[in-house]
Amino acid sequence: MHDDIVCVEMFPEERWVAPSSLVLHDEGVAGDVAEENEEDVLKAESGKMRRPTGKVVGIIKRNSRPLCGMLMPSPIKEATRHLFTPADRRMPRVRVETRQAASLQAHRIVVAIGGWLRHSRYPNVRLHRDAPDAASLTYAEAQLMMDDAGRKDPVTSSLRGLNSLAKILKQRRIQNGALTLASPEVRFHMDSETHDPIDLQTKELKETNSMVEEFMLLANISVAERIVGEFPECALLRRHPAPPPSNYDILVKAAKSKNIEIQVDSAKALAESLDRAAVPGAPPYLNTLLRILATRCMMQAIYFCSSMEPDTHHYGLATAIYTHFRSPIRR
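The opening position of the sequence shown corresponds to residue 1 in the working numbering, with each subsequent residue numbered one higher.
Warning: the hint list may mix true and false statements.
[As the list claims (entries may be wrong)] Computed list of lysine-lysine pairs in DSS-like fashion (alpha-carbon distance at most 25 Å, straight line):
hint	residue 1	residue 2
1	K170	K206
2	K258	K268
3	K152	K167
4	K203	K167
5	K268	K253
6	K268	K167
7	K170	K268
8	K206	K167
9	K268	K256
10	K203	K61
11	K206	K152
12	K203	K170
Hints listed in this document are in silico derivations from the structure and should not be mistaken for laboratory results.
Model the full assembly from the supplied sequences, consistent with the hints where possible.
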């Protein structure tokens, strides 16, 4: 399954095969017959371009998160086994055993994969719950829906509309001088027995992440304006002071070593300098490293009461007023 960490036994080169079109039969086919059929197909296709081949011999860490998707009822009357199609296309179709297919087919449902028999075409699953609204979607699931050109349902159309608005909001922020700084989020994969870290993974950001971030920023700005209007003396706000020029010395020096000029007169000048910061032949992550370094030059954003500080400006977001009604980073 996608994101599982597995142990693979590699075959010797004489057992390498070309990608196969073999589809395993459902249960009812004896194991030895299935194996013979598989062997025949592999031999028949061995004349194609062969690739390193092996088999999974163990699962070190299983990705056991629930899957959201749609139930496809069987065309057989009174059948209890039905196919479930996950929203995430990297996951396989699975089979759900239920007598409630008629009531579930119009809704998104959530299932969890239990096991996968060797000679079964589909994994076994447990039905978790109904997921009738878009609030149940993960970032990945929402992204897959938007990317699927064949989807015209109301939820997908709404997501695409929101994403278009989010892009406009982001462009306006950038034009006003908002900074786009790099602060990559990483995840450690731990050994289930020793609890030692065995892998490091950088979080992949999707358009849906940016979409949610833009509307949360808009919500925070809107709430800040509202509470100052209602409670001008005691509104809780959050400001981000502009860094003193000396804070940027390390960034300017690092960029200059690569013949890159960084302007720090204003947030807009800094943002435009970072956008232009590139060196032919340099590693693609050079710009990211400069943005991470720029993050370390920033002042700490602080909470304050509206009656105690006349300067409400948020330097990094280039907005006149801001508060934390919702967190765009932690969602």
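Results for each hint:
1. K170 x K206: holds, 15 Å
2. K258 x K268: holds, 22 Å
3. K152 x K167: holds, 21 Å
4. K203 x K167: Answer holds: K203 to K167 is near 21 Å, not above 25 Å.
5. K268 x K253: holds, 20 Å
6. K268 x K167: Given pair K268, K167 holds - Cα atoms ~18 Å apart, limit 25 Å.
7. K170 x K268: holds, 14 Å
8. K206 x K167: holds, 13 Å
9. K268 x K256: holds, 19 Å
10. K203 x K61: OK: K203 and K61 at ~18 Å, within 25 Å.
11. K206 x K152: This hinted pair holds, its Cα atoms lying about 21 Å apart.
12. K203 x K170: Holds, because 21 Å separates the two Cα atoms, which is no more than 25 Å.
Consistency note: the structure conflicts with none of the earlier hints.
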